[in-house]
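One letter stands for each residue in the lines below.
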Amino acid sequence: MENLVQEAIQNVNLQAIMPSLVLSAFGMVLLMITVFSKRGKTTHVAWLSIAALVVTGFVSLAGWNNPQAGFAGSVILDNFATFFSLICIAAAILTILMSDDYLKREEFPVGEYYPLILFTTAGAMWMASGTDLMTIFLGLEVLSVSLYVLAGYFRDQTRSNEAGLKYFFLGAFSTGFLLYGVALLYGVTGTTKVQGIADYVLAHPDSVTNTMFVAGGLLMLVGFLFKVAAAPFHMWTPDVYQGAPTPITAFMSAGPKAAAFAAFIRVTIIGLDGIQSELTSLFWILAVLTMTVGNFIALSQKDLKRMLAYSSISHAGYALVGMVAWNEVGLSAIMYYMLVYTFMNMGAFAVLVLIGKKGEDNLTLDGVAGLGYKKPILGVALCVFLFSLMGLPPTAGFTGKFYIFAGAIKSGYIWLAVLGMLNSAVSLFYYLRVMVQMYFKDPEEDFAWVSINVPTAISIAISIVGVLYLGIVPGTLMNLAKMAGF
Amino acid sequence: MYSNLWLIPFFPLVGSIFNGLFGKKIKNEAVIGAIATGLMFCSFLVAAQNFFRLLGDTEKIHEVVIASWMSIGQLQVNWEFLLDPLSAVMIMVVTGVGTLIHLYSIGYMHGEEGYYRFFCYMNLFAFSMLMLVLGGNALVMFIGWEGVGLCSYLLIGYYYEKKSASDAAKKAFVVNRIGDFGFLCGLLTLFWTLGSKGVWTLNFVQIAEHGHVLEAGGLVVTVVTLCFFLGATGKSAQIPLYTWLPDAMEGPTPVSALIHAATMVTAGVYMIGRMNGLFAMAPATMMTIAIIGACTAFFAATIGFAQNDIKRVLAYSTVSQLGYMFLAMGVGAFSAGIFHLMTHAFFKACLFLGSGSVIHGLHHAYHHAHLHDDPQDMRNMGGIRKKQPITFITFFVSTLAICGVPLFSGFFSKDEILWWSFGSTRGHWVLWLMGAVAAGMTAFYMFRLVFMTFFGEQKTDPRAKDHIPESPLTITIPLMVLGFLAVVGGYVGVPKILGGINRFEHFLAPVFEHNQHHYEIHAHGAASTEYLMMAISVGIATFGIFMAWTMYVKNPELPAKFTARFAGLYKAVFNKWYIDELYDFVFVNPCKKIGTFLWRGIDVRIVDGVVNGLAWVVKGLGAGLRYTQSGYLYNYAMAMVVGVVVIVGFYIFN
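One line per chain: the protein sequences are A and B, in this order. For the first sequence, the residue numbers in the numbering used here are 1 to 486. For the second sequence, the residue numbers in the numbering used here are 487 to 1140.
Calculated from the structure, these hints are not laboratory results. On a predicted model such as this, the values are computed, not experimentally measured, just so you know. Do not take every clue at face value.
Claimed, not checked - These stretches of chain A come out as covered by chain B in the derived footprint (C-beta under 8 Å, 3 or more residues):
no. : stretch
1   : 62 to 73
2   : 96 to 105
3   : 109 to 119
4   : 437 to 450
5   : 474 to 482
As the list claims (entries may be wrong) - Computed cross-link-like contacts, PhoX-like style, restricted to lysine-lysine with a CA-CA straight-line distance of at most 25 Å:
no. : chain 1 : residue 1 : chain 2 : residue 2
6   : B       : 1105      : B       : 657
7   : B       : 982       : B       : 872
8   : B       : 683       : A       : 410
9   : A       : 302       : B       : 511
10  : B       : 1057      : B       : 1105
11  : A       : 482       : A       : 374
12  : A       : 441       : B       : 511
13  : B       : 657       : B       : 510
14  : A       : 302       : A       : 441
15  : A       : 441       : B       : 683
16  : B       : 513       : A       : 374
17  : A       : 441       : B       : 872
18  : B       : 1105      : A       : 374
All C-beta atoms in this analysis are idealised placements derived from N, C-alpha and C, irrespective of residue type, glycine included.
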């Protein structure tokens, strides 16, 4: 222990954790600012948070093509971490843009909200750059604890409380599995470093048959699978997504999920590379299960937030297809998909934020009847996002899925790709049904309460540009994603 | 250096999006028209800048990569443009003629419902067409190829409440699908065969560079080029897929001028020019193209004899002139084909716009007199030259150009094609003869049109005949510019034997010359033969004009006598040789019957049954799975535990 501490102190490299450090510092300062702000006056905090995120984005760029390892190899700021950090930052910025007016409408404009988002993002970046199971765990907890609070943020609303509580209990439960798995792995290998575990497997080819090792690895993966909402560990998602404040739902579905995938990928592809052939068959089943469960249950949803929650489960399933492929194309496809998903899903949620009434009881299929005629621009925007979620060209959803399935086919998993595409076909039904409501039903409401505020409009515009840019010119970012892979 | 190429298609795209989104709200016709036309003009300026830069450049082939589109394995596809003499000529034609026709439309479409929709589609068309000709690889070209098809469909069906218009639009779309199918087959076959030899590419320059890995004259290259040619027959209205073009005249006249005369229908010719290396390798395909081209030129001209709708005559004339271009491509006279494409764009656009001006005037007169006569029927015209002098003069010089009267643009381009079809190593005197006779027929039906429309007594209803105005400036200015180009446009390609140096051919040489040398395609023969051929074709054309004059000016009772004497023949020609009926009988009706059977028998009973059954199962499953979502925390935790136990247990006990 003494040695470890010594070693760690000698290898401190603040560069490696600079992004999270900067963001946490900003978060604390902003927390102080909110203390001295009047209740209800939170707009400046929102803009300051965005500024903080932008600065952090530039800080994390320092690690691009210039990997910075630190703390005795327990964190690294490399291309991979930078790529995912930037996704989380983008998600956080979009969230904050759509939050300010939302909080005012829901009459809960309390300032801690924004610093909490910053802490979540810091945790997410920490996860993406962790190369030691303990640092990853730390990041995961920072992220989760902030999210528990955010999910239950409307403390006078039962649904929000329910969301926070359920997320907390089940999250704690899954963390138990994760930690237990880490402990077992440590017991077998004597290390918590991802690379160390990989070295151990290399030196002990029989570890595949080592019960303790396998159980440890699987239990740890369960923790990650919970965070990315893969079946059968997805059940918290609909309830939490539906109950949480809508911008937070949007954020959860993009930023933290991307971070969880980042850690999941790093630990699996590097640490558990030795048992790849065992894991791919597991991922194969989980991918199909996740896609199918998400899409099929989404078919019978009437509540839009809940429908998008199931849709997000199915999209995690598509991303898992990339894990099965376990090759360069599949890996960069997941990274690309996370980016694509951030824009299209957050865009869809931003439209929902705008058309909701206080309490959001109107965010149902019937509630959007005739929206396309009453609010044509919002209607078109939502259509773009839904087309992208379906995976139709020329939107980003198409290119994202294309790369995912191309990766699977390249590794020979043709049937998996076929099942994935069939799932996409099923998903057409519930996405299209929203459009049918918007354009083929007579409006029951005049949507007079919808006022398009500038920040939310900006977030929608950014998302549309992102969706179309990534759909039409996917090459540039795909190449970056390839550079960010291992 | 050519990095601003992307602006050329970008401007019309912006115009299309702008008018599409906001046109309905703007309502002000002047603003909508000015935006669309102004952006086209900007596009023209950029095109001209690049064109002249290329003229002065020693390096003639430039690829400009805008962004990476996709890279999978060894295949790298970019958003890229290719500027070489061929595409430079095309962008000048498309943006130049396009701008004029946009300007024309401002006046012509005045007061039409959906004015913004018209300009939105027109700009979108220009964008697609420019993507088609500038695309540096087959995928970008394909986007343009499909885009122009879509816009053509939308614009033919512009008056969608009119059944004949929406039917014509559908026909155009379906017939073009057949061609597109061929195009895609060719593309995929080429892609895979090149790939199997280690060349994974869709880029035109690379295809040209590595095309020789295929066996010259071999089966693969013949099939590939034949498939491409099938695509070209669809888009460019050649036998057997020409039937949609005459019906396409249901669209507004500027549409006919821009899409169905000057630009889109020449896409097939351009495509063959773009892939001339592959075509040169397939003599069998070249021969097919030449024969089809000559037959189309001849056959469509015969139908032109007996049509009374002014736009339909021009439509068949377009089909016939496109036949000349294909004849040129087929005998290896690539640059002559492109040359004719350009001069044809000038004079045919002018002719269509002129006919539009006449229709516009008559429409106005009938409207004034509260009549509902057909303003497109030439039997109601006559003597209009006095009412619309500018229209008449421009129309007349364009007619001289299309007839191949010496000193006018069509003379140079058509004569070069005829000479090549006779003297080329891939030519034949029969091809020449068909072309020359078709030229005579062209002269006949075109002058028939001119005499019936502009000369003689005014046969318009007396209540309306004094109210035919000359068209406004937005209409006459494009007519004058195009008329001027129809006269002088040919002087860039004066052949050697007439003392010229054929600048046009020299300019295009970097694209075609190598392949022509390599596959020994050239025209040969004594200068005296060339003079003789020229004299004969001019003689035939003069004879055609003379015949038209005899029948429609000197002895106006003659046509009636002829039709009475050859009633059967006349009826056949009048009914366009019953080709539409034949297609209906052979293809359309059986297809409909099969379709009805598939619909009632297979689709409703079996497919729908399966689909509905599946949907029922899926929905049932979804509803069932929904009950797993009880909302109780302990159920969720239980599910997780079960999941963990199954997963871990599976691995440990396996």
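Verification of the supplied hints:
no.	hint	in the structure
1	62 to 73	violated (count 0)
2	96 to 105	violated (count 0)
3	109 to 119	violated (count 0)
4	437 to 450	violated (count 0)
5	474 to 482	holds (count 5)
6	1105(B) to 657(B)	violated, 39 Å
7	982(B) to 872(B)	violated, 40 Å
8	683(B) to 410(A)	holds, 20 Å
9	302(A) to 511(B)	violated, 35 Å
10	1057(B) to 1105(B)	violated, 61 Å
11	482(A) to 374(A)	violated, 43 Å
12	441(A) to 511(B)	holds, 23 Å
13	657(B) to 510(B)	violated, 29 Å
14	302(A) to 441(A)	holds, 16 Å
15	441(A) to 683(B)	violated, 55 Å
16	513(B) to 374(A)	holds, 20 Å
17	441(A) to 872(B)	violated, 57 Å
18	1105(B) to 374(A)	violated, 31 Å
In summary, the structure is inconsistent with hints 1, 2, 3, 4, 6, 7, 9, 10, 11, 13, 15, 17, 18 from the numbered list given earlier, while agreeing with the others.
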